[in-house]
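Novice: Starting from the known structure of chain V, arrange chain W on it as the hints suggest.
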Amino acid sequence: MITTAFETIDAFWAMGGHGFYVWAAYGMWFVTLGVLLVQTAVARRRVRSRLRLYYEEQTITKTFMRDKR
Amino acid sequence: MWDWIKRTYHRWGSPRYFYQYARRGMVAAGLIAGVSLLVGLIWSLAFAPPDYQQGNSFRIIYIHVPAASVGMGFYALIAGCAFVSWVWKMKMADVVAEAAAPIGACFTFLSLFTGAVWGKPTWGTYWVWDARLTSMLILLFLYLGLMALRQSIASTSAGNKMCNLLAMVGAINLPIIKYSVEWWNTLHQPATFTITDSCHDHDGF
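If you're matching them up, the sequences are chains V and W in order. The numbers in the numbering used here rise by one with no breaks, and the one at position 5 of the first sequence is 98. The numbers in the numbering used here rise by one with no breaks, and the one at position 27 of the second sequence is 29.
Please keep in mind that the hints were generated in silico from the structure rather than gathered at the bench. Heads up, a few of these hints could be off.
If we take Cβ atoms under 7 Å as the criterion, some of the chain V residues that face chain W in the derived model are [stated by the list, open to error]:
#, residue
1, Thr-97
2, Ala-98
3, Ile-102
4, Met-108
5, His-111
6, Ala-117
7, Gly-120
8, Trp-122
9, Thr-125
Just a sample of chain W residues kept apart from chain V, beta carbon distances all over 12 Å, derived [to be verified]:
#, residue
10, Ile-7
11, Leu-79
12, Phe-115
13, Ala-193
The beta carbon of each residue, even a glycine, is placed where N, CA and C say it ideally should be.
Chain V extracted, bound-state conformation (with noise of 0.2 Å):
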C-alpha cells in the first residue's frame, strides 16, 4: 500500500517549513517551461506564415512570367 507522505493537505503545502522554498522551484519551473512553450509555437507559426508568403510570391511570379509569354 502506498501512503502519500502528507497527513493532511495543510501540511502538504507547508512542506514542514520548507514551503516557500520547494513551491518557488516548482513553480519557476512550471513558469520557465510555459514560457517555452508560448514561445516555440509563436516561432513555429512565424515561420510557417513567412513560408507561406514566400510560397505565394513564387507562385505568382511564376504565373505572371509565364502570362507574360
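Specialist: Chain W in isolation, oriented as in the chain V frame:
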C-alpha cells in the same frame, strides 16, 4: 535491413524527410512526456518520503538534477550538431542547433534557480561562487551568447558558422562542469546518482 537503416539515417539529414518524420513523432513524444511529467510531479511532491536530514526541501532534487542534465545534454547536442555542420555541411544540423539553444538555456536557468532556492534552507545561502555553480552559470551565458550571436548576424550561413565555432569551443565547459565537484573543493556535493550506481550515501544527503 542494412540498406533500410542506411537510407533512414540519411533521410534524417534531409529537411524534407526530417519534417515528415518529426511531425509523426511529435504527438507521441508529447504524450509520453506529458504523462511522465504528471506521474513524476505527483510522485515527487506527494508520495516520496521526506529526507531524514533535509525534511521536505529535498523534493527540489526531482527537478534540479534533471534540469541540470538537460541543460548540459542539450549543449552536448548543439556542440555535436556544430561539428556535423562544420565538417559535412548538413543543413539539418544547423536547424537542430538553433532550436535546441533556447530549450537548453531554459533548463540551465532552472537548474541554477532551483539550486539557489534549495541552497538557502540547506547551505544557508542562495549563491556561492564555487566551481560547480560558476561553471554552470558560464554554461547559461554560453547559451545566451549563442542565441544573441545568431540574432545579430543577418547572413544565415555566416551566423551558422560563427555559432558553430562558439558552440564547439564552449564545449570545453562541459567536462569542467562534470568534474568541478571532484577537481575543486566545492560546497556543491558530488553526484548523488550515477547511471551505474543508483544511490551513494553522502554526508550531506
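Novice: Against each hint, give a clear statement of whether it holds in the structure.
Specialist: Now for the hints, and whether the structure bears them out:
The interface hint given for Thr-97(V) is met, as the beta carbon of that residue sits about 5 Å from the closest beta carbon of chain W, less than 7 Å. Annotation: interface hint on Ala-98(V) holds; nearest CB of chain W at approximately 5 Å, less than 7 Å. Interface hint at Ile-102(V): violated, since its Cβ lies 10 Å from the closest Cβ of chain W, which is beyond the 7 Å cut-off. A least Cβ separation of about 4 Å between Met-108(V) and chain W falls short of the 7 Å threshold, and the interface hint therefore holds.
A hinted interface residue such as His-111(V) counts as satisfied when its beta carbon comes closer than 7 Å to some beta carbon of chain W; here the least separation is about 4 Å, so the hint holds. With a cut of 7 Å, the hint placing Ala-117(V) at the interface with chain W holds, because the nearest CB-to-CB distance is about 5 Å. Hint status for Gly-120(V): violated, given a least beta-carbon distance of 10 Å to chain W, over 7 Å. For the restraint placing Trp-122(V) at the interface with chain W, the shortest Cβ-Cβ distance is roughly 5 Å, inside the 7 Å limit, so the hint holds.
Look at Thr-125(V): its Cβ gets to within about 5 Å of chain W, closer than 7 Å, so that hint holds up. Every beta carbon of chain V lies more than 12 Å from that of Ile-7(W), the smallest distance being close to 30 Å; the non-interface claim holds. No Cβ of chain V approaches the Cβ of Leu-79(W) within 12 Å, the least distance being about 16 Å, so the stated non-interface status holds. Look at Phe-115(W): its CB is around 5 Å from the nearest CB on chain V, not clear of 12 Å, so calling it non-interface is violated.
Residue-level check passed: Ala-193(W) sits 20 Å from the nearest beta carbon of chain V, beyond 12 Å.
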